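**Q** Got chain V; can you put chain F on it based on the hints?
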Amino acid sequence: MSGTSGGSRFALSKLTPVPKVIGLRCRECGAEYELQATHVCEMCFGPLDAVYDQALLKKVVSRQRIEQGPKSMWRYRDLLPIEDSVNVVTLGEGFTPLVKADRLGAELGLRNLYVKNDTMNPTNSFKDRVVSVAISWARAHGFETIACASTGNLANAVAAYAARAGLECFVFIPVDLEPAKVASISVFDPNIVAVRGNYDEVNRLCSQLLESTPWAFCNINIRPFYAEGSKTLTFETAEQLGWKLPDEIIIPIGSGCQFVRHRQAVRELLEFGLVRGDRVPAFTGAQALGCAPVYNAFVSDTPDRVLPVKPNTIAKSIAIGNPSDGVYVNRIARETGGVVEAVTEEEIVDGIRLLARTEGIFTETAGGVTIGVLAKLARAGRWNGDETVVAYVTGHGLKTADVLASANGHSSRRVEIEPTMKSFREKVTI
Amino acid sequence: MPQFRIPGPLRRLSEGHTTVDVEATDVVGAIVALDAAYPGFKDRLLDENGDLRQFVNLYLNDEDVRLVGSGLGAKVGEKDEISIVPAVAGG
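The listed protein sequences correspond, in order, to chains V and F. For the first sequence, our numbering begins at 913 and goes up steadily by one. For the second sequence, our numbering begins at -5 and goes up steadily by one.
Just chain V, same shape as in the assembly (with noise of 0.2 Å):
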């Protein structure tokens, strides 16, 4: 890794921040709005991103003054929406290593071979990244509650962050969420919302509660704002190369805002002179055949129509039948010579064991997805073995344990004995 030198894990950057967010704009028709906490063009309905001021980043972002920042997400912070350093609510996220995967890429030969491992967050998912964010933001607009509407990686995040910052917190989850992923939300003690019935459903539920509560959901109103905080994950990801780009990115699509972001990321990489070259890495999506929206339109004659989708997956973090940037993923993936491909419920375990058995890292069903397609596209003859490939692990595996069990427990390799010699003599091959 490169480019690792700078402060502690949580000491935010010594450097003035930079004015720079001017405004929302619409991602459709490009009407312009003033920083609110809205996340919806009046004019078409379109989706809102924030707007920087580009001509100022040009003359103040570089190499090294991210490479003088702290060791985690916020060294990127002239590229984030967040122009105060004192509202920034940080547990140290990002700056996740970015793991040489050798034994993995030799069994599907693969010899460039990485995975982002953002399990390594404080909340164990790359949520915290954009929680993180958009926490900060809202405190630093006077939000005195926050809250989210979530498959359980982010309401965990949102929990987490919002206790860090002493700030009143409310999380809508399904209420047949995976039970680790309930108790690693309840231990922060926020407000906790059980809806009988899917994400797609509590996401609804929460778009209208907005009108008669003064919260910040982060996944909703300050939506442009928390979506920025991925970025990071893509930013590291080249800096940790030697700021260089992968040939390919694959990356698991639950509502595709992430996807859309990491594309941003690319351009913000090129167009600051961080990374050498205008070659954009080729952006491949993942998703569950139990729930492939994106994919679905993918492999149709019309990618530019998402239809929605009755989840029924074991990938619940990513399990959103209605995803919101499904359209721009498969814009964005056929543009950079990426695909989009789906894996079984059978194949998502595999990926979650195959990437434990070769890499030592334990990753959540969603994790399992990106793995599965990694190991389809690579058995399907992909790629010739030389490119840099890179693997975004979004999730660690405790969340999604239960899944992993099996009639004998959780291991095929697992045997029972009595405490002799004996006993372990008859019973274990050695």
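Keep in mind that the hints were calculated from the coordinates and are not lab data. Owing to the predicted nature of the structure, the values given are computational and were not obtained by experimental measurement. Treat the hints with care, since some could be wrong.
[As the list claims (entries may be wrong)] Simulated DEER-style distance windows between Cβ atoms: (1) F:LYS69 to V:LYS1222: 19 to 27 Å; (2) F:VAL26 to V:GLU1019: 27 to 35 Å; (3) V:SER1098 to F:ASN43: 43 to 51 Å; (4) F:ASP74 to V:ARG1179: 25 to 33 Å; (5) V:GLU1019 to F:LYS69: 52 to 60 Å.
Every residue gets a Cβ at the ideal spot worked out from N, C-alpha and C, and that includes glycine.
**A** What follows is chain F alone, placed relative to chain V:
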């Protein structure tokens, strides 16, 4: 009479009204009626092919109209509620 629920960011078009009653027998007819009362809604909800725009969700009572068999042709009755819900990010 079927009723539209208008979310906050879109109320500029409905002159601030949170709900709008419309006379219609199906969803697409309701959109046309809404547009007649407050011009601009139809173009914002439907694309050039007459399909619902990708970043807008329309719920007929509790059901996403895209998941209803008849889609925009779904019948609406006196007590039905149609909600416009802009797309949101994942979690």
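**Q** Output the indices of the hints that this structure fails to meet, ascending.
**A** 2, 4
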